[in-house]
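So you can see what is in the structure, the chains are spelled out below.
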Amino acid sequence: MGQEIAIQLSDLTKRFGNFTANDHISMTVDFGTVHALLGENGAGKTTLMNMLSGILKPTSGQIFVRGQAVQLNSAKDATKLGIGMVHQHFMLVDNFTVLENIILGSEPNHGGVIDRKAARQAIIALSEQYGLQIDPDALVADISVGMQQRVEIVKVLYRSADILIFDEPTAVLTPQEVTELLAIFRQLAEEGKAVILISHKLQELKAVADVTTIIRRGQVIETVQTSDTTTEELAELMVGRPIDLTQEHPDVALGPDFLTLTNVTVVDNQKLPRVHNLSLNVRGGEIVGLAGIDGNGQSELVKAITGLLPVDSGTIMINGQNLTNASVRQITQSGVGHIPEDRQKFGLILPMSLVDNMSLQDYTNAPYATHGLLHPQAMLTTTEQLIQEYDVRSSSPWQSAGSLSGGNQQKLIIARELSRQPQLLIAMNPTRGLDVGAIEFIHNQIMAARNAGHAVLLISYELDEIRQLADRIAVIHSGQIVGEAQTHDLDVNQIGLMMAGETITKSEVTHAN
Amino acid sequence: MRIKNTTFYSIWIPITSVVLGLLVGAIIMALSGFDPLANYISLLTGALGSANAIGEVLRSATPLILTGLGFAVANSAGFFNIGLAGQALIGWLASVSFALAFPGLPSILMLPGAILAGAIAGALWSGIAGFLRAYFGASEVITTIMLNYVALYGTNAVVKSFLAAGDGDYSKTIPAAARLRTPFLEQLTQNSTFHWGLLVALAGAVVIWWLMKRTTMGFEIRAVGLNEDAAQYAGMSTKRTIIAAMLISGALAGLGGAMEGLGNFQNIIVNTALPPIGFDGMSVSLLAGGSPIGIVLSALLFGILKIGGLNISIASTTPPEIVDIVIAAVIFFVGANYIIRFAGQRLSSLKGKKEGATK
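For the record, the sequence lines run as chains C and X. Following full-length UniProt numbering, the numbering of the first sequence begins with 1 at its first residue and continues without gaps. Following full-length UniProt numbering, the numbering of the second sequence begins with 1 at its first residue and continues without gaps.
Everything labelled a hint here was simulated from the structure, so no lab data went into it. The structure displayed is predicted, hence computed values, not measured ones. Where a beta carbon is used, it is the ideal one built from N, C-alpha and C, also for glycine. Hints should not be assumed to be uniformly reliable.
What the hints assert, rightly or not - Here are some chain X residues pointing at chain C (derived, C-beta under 10 angstroms):
#	residue
1	T45
2	G49
3	F80
4	R214
5	T215
6	M217
7	E220
8	A223
9	D229
10	A234
11	G235
12	M236
With the hints as constraints, model all of the structure from the sequences given.
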């Protein structure tokens, strides 16, 4: 097919009230290429793609698909033109099968009766053609996140899309799954389809994108040939200033164990062990990174340490105190800061104000309260100060936490937890879904806690994040630690293998301790 | 921007609801062959036309303020207290029983004692549902409905067996020291049933505002109601908070019942149905969006509609059911405030679009 133009945007502008999300955006996407759209959180990438997929209508400007000026009034219009979008949060029905999810909305039928046989054939053909392994009869609730993503891709292909938009597709995948997905992108492009990839992961863009368009504050900054541009240049274009994610690890005298887990077992509702006989320690002045694939007991472990889940057996010592099965309040007040996995579910009360959310951990203590009476003025003063210090972009301390962008919500949590000067910080996926600028900021804050002699347990599904921050890495698989070593003694492949459940023999890894 | 919007909606939605409700009421009256304008005028004069009428409106609003506050507190904790009526009845029974049990007490001990008895009884009654929800996950909707029946028939049994004389179905009148109605107020309002309970209700509104906004307990109640997971993460005990909210809610409902017992009726009777102050209190609270000031205002509105409504059937041939329909229409539009909100946002977004296009 060569270099036929798939999509051309000309002077596309989208305003929400007084806020301009997209400001005269012009760009061209060719068939047969992977075109990356790079930008910070809130830069306007998703707004742009929502216009392209018919969810939003432009305020002004024109969209051309295959050279034709089009008016997209709904997602259906976009589908008809061969535009398909894979959203960041999967749009799948959990208790439908893979097959049912794929055909949902465009079921092949004879007079209202679904033709499952035809659907199955079409789906199997597609999955073989692109090497997208899926099990048509499995329930979506039962399959891995990686397979759910493949289902989303097949779903789009099933609707014969040849312009595919992916919104942050690798956020939830393991390194191996990411590699596979990138290969699929290449294959789709080679088949002549246009792939638009929204991302802020520079390594992946470098690996797969032919062309990268950088968007900042709703405007196109530049469109570059990815191969001619370094990741550092891309990061700088995106954020508007030089970015450095590598962290210096200055020597800090290691303190005593602030956290000691001994043979900790946590069982779930069905009495199945989610964390199994796990032992781990974290000393003052070090960051221990817990690497692992989503769903291998990390959430349960963090909840057990912080008192949100009961420990079945084993002991948890925090700062020399036995706090196994202590209350959440006891644990936080003994000097533990907790950046939770899900900021909207656990970390914040979205309808409440920034002031209330900032006081959430210490609302019973002076200066926020004495004798059960709140002191709103003290709450406000601290909030204003922390908003400033941690650069939480907001219009008023009384606005609801839910009205902040994701990155600023996370900064609010970081501000609250770190300003308490915790001797032990437990951070789970602290930068999930954030852009490089915000990641740099949060990493610096975590690093500062370590350099101040505090202990940090970092749990992340992002291997890069762990390798940048951690002094020591432990790998968790099926609720057990399958390997542990100083960061500089491990390479990505070894960690990847351990994450997949293979135990590395001692001769291959120099063990710490 | 956002904050202004919220205030805007919290004031305009109830007003729009009331206006639409009155409009629908007018249409129904017109269709049934009655004169809406004349009826609304006699509603207004019936409610506000004399000192007596105003006294009756205030008397009728008093328990509604308390039950309305009770619903609001439970609702803040994410708890749908349908049992206000039963809790009020239990509070009514307890306050009258206290007064009858200690007839010799001086007013200074008698009144606080009887009022407190009502509050405690209501709290304990709703505490049952709170406890079942907190420790066994039992839906409060079901338990409070069931407890309403237990309260109704249990109270009737107690009145018949212990409080009523012979085969009667009402108790003795409470001693003068326990009465909230006083000759002074009767004089002031041309012998209306207006009583000092209004002060209790207004004090309740102030205390609840203060509790919810200024105490750590109120903070916990709001937090648990909005996001139980985050409340737990912040070290709050959701069980304790739910039970606390339910106890406060029941105490307020019990106070509402005590107002009926010590103020309005001055005895307790065998009831054929639950006292209407329970469900009316829910409507009052919903109309007010849970705000204490709003609850006082919407309770007054309910009082006006109820007392003024009586005058419609006196002054014309319009049946009293029509008045109930008007009230129901108002509540309906409150319940449907989503539609009003949606329409409002749609209008303002259309306006925004126009502005955007001309820029």
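| message | Checking hints one by one. Is X:T45 an interface residue toward chain C, by the C-beta closer than 10 angstroms rule? | response | violated, 43 angstroms
| request: May I ask you to test the interface hint for X:R214 with respect to chain C, counting a Cβ-Cβ separation under 10 angstroms as satisfied? | output: holds, 5 angstroms
| query | Does X:T215 pass the interface check with chain C, least Cβ-Cβ distance below 10 angstroms? | reply | OK, holds: X:T215 within 10 angstroms of chain C, min 6 angstroms.
| query | Against chain C, is X:D229 within 10 angstroms by beta-carbon distance? | reply | holds, 5 angstroms
| query | Per the CB criterion, is X:F80 less than 10 angstroms away from chain C? | reply | violated, 18 angstroms
| said: Please check whether X:A223 passes as an interface residue: C-beta within 10 angstroms of a C-beta belonging to chain C. | reply: Where the cut-off is 10 angstroms and the nearest Cβ of chain C is about 6 angstroms from X:A223, the hint holds.
| Hint check: 10 angstroms Cβ-Cβ cutoff, X:M236 to chain C | holds, 8 angstroms
| request: Go through the hint on X:E220 and say holds or violated, using the shortest Cβ distance to chain C against 10 angstroms. | output: Cβ of X:E220 sits 8 angstroms from chain C, so the hint holds.
| query | Taking the least C-beta to C-beta distance, is X:G49 closer than 10 angstroms to chain C? | reply | violated, 43 angstroms
| request: Let me know if the C-beta of X:G235 comes in closer than 10 angstroms to any C-beta of chain C, holds or violated. | output: For X:G235, the interface hint holds, since the closest Cβ of chain C sits about 3 angstroms away, which is under 10 angstroms.
| said: Please check whether X:M217 passes as an interface residue: C-beta within 10 angstroms of a C-beta belonging to chain C. | reply: holds, 7 angstroms
| query | Any CB of chain C closer than 10 angstroms to the CB of X:A234? | reply | holds, 5 angstroms
Of the hints listed earlier, those the structure fails to meet are numbers 1, 2 and 3, in rising order.
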